[in-house]
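Asker: Take a look at the letters that make up each chain.
2 protein chains.
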Amino acid sequence: MDLVIRNATIAGVARLKDIGIESGSIVKISDRIEPRGHEEINAEGNLVAPGFIDVHMHLDKALTLDRYDWATREIMATPRLTSVNESNKVKRTFTVEDVCERATRIAEMCIVNGTTTLRSHVDIDPVVGLIGMRGVLAAKEACKDWIDIQISPYAISGFDDAPEDAEKLLRQALDMGADLMGGVPEADKDGNSHVDRVFAIAKEYNFDIDFHTDQAQFETPFALPYIAEKTIVEGWQGRVMASHCFGLAHHKPEIRQKAVDLCREADVSICCTPFTTVNERVIEPVEAGVNVSYMSDNIRDTWQPYGNADMLQLALFVARLGRWRSNEDLDHLLEMGSTGAAKAIGIKGGHGLVVGNNADLVVFEAKSGHEAIITQAQKLWVVKRGRVVAQQGELLV
Amino acid sequence: MDLVIRNATIAGVARLKDIGIESGSIVKISDRIEPRGHEEINAEGNLVAPGFIDVHMHLDKALTLDRYDWATREIMATPRLTSVNESNKVKRTFTVEDVCERATRIAEMCIVNGTTTLRSHVDIDPVVGLIGMRGVLAAKEACKDWIDIQISPYAISGFDDAPEDAEKLLRQALDMGADLMGGVPEADKDGNSHVDRVFAIAKEYNFDIDFHTDQAQFETPFALPYIAEKTIVEGWQGRVMASHCFGLAHHKPEIRQKAVDLCREADVSICCTPFTTVNERVIEPVEAGVNVSYMSDNIRDTWQPYGNADMLQLALFVARLGRWRSNEDLDHLLEMGSTGAAKAIGIKGGHGLVVGNNADLVVFEAKSGHEAIITQAQKLWVVKRGRVVAQQGELLV
Numbered sequence: 001m002d003l004v005i006r007n008a009t010i011a012g013v014a015r016l017k018d019i020g021i022e023s024g025s026i027v028k029i030s031d032r033i034e035p036r037g038h039e040e041i042n043a044e045g046n047l048v049a050p051g052f053i054d055v056h057m058h059l060d061k062a063l064t065l066d067r068y069d070w071a072t073r074e075i076m077a078t079p080r081l082t083s084v085n086e087s088n089k090v091k092r093t094f095t096v097e098d099v100c101e102r103a104t105r106i107a108e109m110c111i112v113n114g115t116t117t118l119r120s121h122v123d124i125d126p127v128v129g130l131i132g133m134r135g136v137l138a139a140k141e142a143c144k145d146w147i148d149i150q151i152s153p154y155a156i157s158g159f160d161d162a163p164e165d166a167e168k169l170l171r172q173a174l175d176m177g178a179d180l181m182g183g184v185p186e187a188d189k190d191g192n193s194h195v196d197r198v199f200a201i202a203k204e205y206n207f208d209i210d211f212h213t214d215q216a217q218f219e220t221p222f223a224l225p226y227i228a229e230k231t232i233v234e235g236w237q238g239r240v241m242a243s244h245c246f247g248l249a250h251h252k253p254e255i256r257q258k259a260v261d262l263c264r265e266a267d268v269s270i271c272c273t274p275f276t277t278v279n280e281r282v283i284e285p286v287e288a289g290v291n292v293s294y295m296s297d298n299i300r301d302t303w304q305p306y307g308n309a310d311m312l313q314l315a316l317f318v319a320r321l322g323r324w325r326s327n328e329d330l331d332h333l334l335e336m337g338s339t340g341a342a343k344a345i346g347i348k349g350g351h352g353l354v355v356g357n358n359a360d361l362v363v364f365e366a367k368s369g370h371e372a373i374i375t376q377a378q379k380l381w382v383v384k385r386g387r388v389v390a391q392q393g394e395l396l397v
Numbered sequence: 001m002d003l004v005i006r007n008a009t010i011a012g013v014a015r016l017k018d019i020g021i022e023s024g025s026i027v028k029i030s031d032r033i034e035p036r037g038h039e040e041i042n043a044e045g046n047l048v049a050p051g052f053i054d055v056h057m058h059l060d061k062a063l064t065l066d067r068y069d070w071a072t073r074e075i076m077a078t079p080r081l082t083s084v085n086e087s088n089k090v091k092r093t094f095t096v097e098d099v100c101e102r103a104t105r106i107a108e109m110c111i112v113n114g115t116t117t118l119r120s121h122v123d124i125d126p127v128v129g130l131i132g133m134r135g136v137l138a139a140k141e142a143c144k145d146w147i148d149i150q151i152s153p154y155a156i157s158g159f160d161d162a163p164e165d166a167e168k169l170l171r172q173a174l175d176m177g178a179d180l181m182g183g184v185p186e187a188d189k190d191g192n193s194h195v196d197r198v199f200a201i202a203k204e205y206n207f208d209i210d211f212h213t214d215q216a217q218f219e220t221p222f223a224l225p226y227i228a229e230k231t232i233v234e235g236w237q238g239r240v241m242a243s244h245c246f247g248l249a250h251h252k253p254e255i256r257q258k259a260v261d262l263c264r265e266a267d268v269s270i271c272c273t274p275f276t277t278v279n280e281r282v283i284e285p286v287e288a289g290v291n292v293s294y295m296s297d298n299i300r301d302t303w304q305p306y307g308n309a310d311m312l313q314l315a316l317f318v319a320r321l322g323r324w325r326s327n328e329d330l331d332h333l334l335e336m337g338s339t340g341a342a343k344a345i346g347i348k349g350g351h352g353l354v355v356g357n358n359a360d361l362v363v364f365e366a367k368s369g370h371e372a373i374i375t376q377a378q379k380l381w382v383v384k385r386g387r388v389v390a391q392q393g394e395l396l397v
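Protein chains in written order, with this note's numbering: chain P, 1 to 397; chain L, 1 to 397.
One chain only, chain P, in its complex shape:
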């Protein structure tokens, strides 16, 4: 075998196991694998878990903090349009090489932190044109041996200003090598028609869809129910993600409940940044049976100055803000960021500690998921398609 991981704790499995890996897949899980692997890892009883999937990033804009004048903390309280405009100023400085270099750095931060697949949105608008798309495509190619990158172009400024040009540009991006497409209903006056337009294009391309949904923190548009209904009407169940969903926190429990039930019915996944209203956007949907994950979103750019591309750190935020207390809940939280997230974005090859699945794994310096979250455990080894690609925070490739 290419790689054998010995003495592994696997969530939900009583005894330590050896994990055999060949040609990028898990081929055997048993008490003892006799033959030595070409490469060997002794997990020494530590937790071996499926890699994290960071389902919502913005590689094109990441790590541009130094190009921005951080006037005051007030900026986050401004309407979305202000943030878009501030961001546009910085996007004028982008080049393809620049985007590729920053995107690659984020990919490196991801993999050493145990994230083996990420989904990146890419702004497509008149300011940046296709520069972001070209840069992230180049990064995807440069990193393809050690991390999978899904690319989701979207018309961040909507279609209202110049419907034909905006759609033409977006289609150019889709043709260049997108894996799916995105949308953002509140970018247009009529959010529902934005959703309709995106669905029409996505069906033409046979693409999954990822909507920036109800991002406003101080107004209350509520696109989520329409997205879920449309998903059912178009037969796109299991292929739609609703990202953010701040709107859930602005509505009464019975309205939230209805929206969340619709998401479950439509198999629409939700993903959230874990810094506000965790109860409404994470806990309630999880309890209603919706597939929920958490994500980095923007990293050190005009939208937010924070971010370490570390899903384990995000899990701790969810846990503390959500006041999750039991070991079982915390173990489940870790799975939300790996197998749950994999389901949400449709990972090919299967994700999780099961024979036949991709060997995308992380070995934590902890005996359990809850211990890993609480102690913010070191990621001892990260394995991507059967290859050891990172060790204790160092990239090996």
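No wet-lab data here; the hints were simulated from the structure.
Warning: the hint list may mix true and false statements.
If several chains are the same, the list does not tell them apart, and a pair holds so long as it fits within one copy or across any two.
Simulated crosslink set (SDA-like; lysine to any residue; CA at most 20 Å straight-line) [to be verified]:
hint, residue 1, residue 2
1, K367, N308
2, K258, G12
3, K367, L63
4, K252, V84
5, K89, S326
6, K258, D329
7, K144, F159
8, K348, E394
9, K28, D145
10, K367, N7
11, K367, Q392
12, K367, D66
13, K258, S23
14, K252, F317
15, K367, L65
16, K89, R264
17, K203, V286
18, K144, D161
19, K367, R67
20, K367, Y68
Just so it is clear, the structure is predicted and the values come from calculations on it, not from any experiment.
Keeping the supplied structure of chain P fixed, place chain L upon it in accordance with the hints.
Answerer: Only chain L this time, still in chain P's reference frame:
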């Protein structure tokens, strides 16, 4: 000199400096210190900052997670009395050696994370008697060469049940080697009389006071204004800390404002766990000129399963929850956890990068406070009273 730290970035200082340390104090800060120190550190342009002060811990109860049956996440929603009762079950297992061993482990976690002084509350009640006090006193003695521990005994179950016995036990604890005393108004039916009793004892002992204040998350007692008024009446300005202050979030802005103004007038400091209502409990008081710091509180015990004794991690929580965005705000946040906290608990010898002050320092792998918080920088070296006591997460003593 005993120790010279070279090429140090100091907050607010334009050029790199050398820092000379002798007999536990900073004796020189200049562009270039010629003589070699007995020990030398090359900071290589990284930030050298005053050590963190964790102003509110519970060493006696810490690290007892494995003695508790974590039924559900619901426990946090229960009234305070339930938490006290659950905690009492575990406290019956305490021995002096056990408390000392766990307290020492927390002290080690603190110092490697750059916390050079901590304040620990200690439960004094009929269940645990003086066992917690004896254990923490033993830990204080065991760790005295590399961390300062302030001990604050308090009658966690109040005085109502057996006023004379409770006060007698508390006084025994104070006589054993307390540095200050604590109180918790909501433990008694008449919170104000609890405050009065604590003040009477504290004045007799000439002790500072640290009140667990307005901890309820679902009711709205509001002891804070009375504590501030009493502080002024008794002339105890600058000697009183109000810990938690969840109550601030349950009142209207004008009532909050009044309470916060009273705190400033009475020089009552506030300290908060940064996981809820950061706006009301941290940002508003800071903007009103109150001395606010953040703290670990319980670590992996019946009150909460979390905690890494890492003030830099807590700073990131405050920053993200408070949506602090500017570099200046984040730099100030770091200072709130060091020089601000030092002022709050009255560190002798002076704390901060000034000649004459204690040489209690941490060297971050970052060029600034905001970079340290955002990147969760490694603590390269920790210096306690002029001695290098930890390096990159490893205790050296």
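Asker: For a quick check of understanding: which of the numbered hints are violated here, in increasing order?
Answerer: Result: hints 2, 4, 6, 7, 8, 9, 13, 14, 16, 17 and 18 break, sorted rising.
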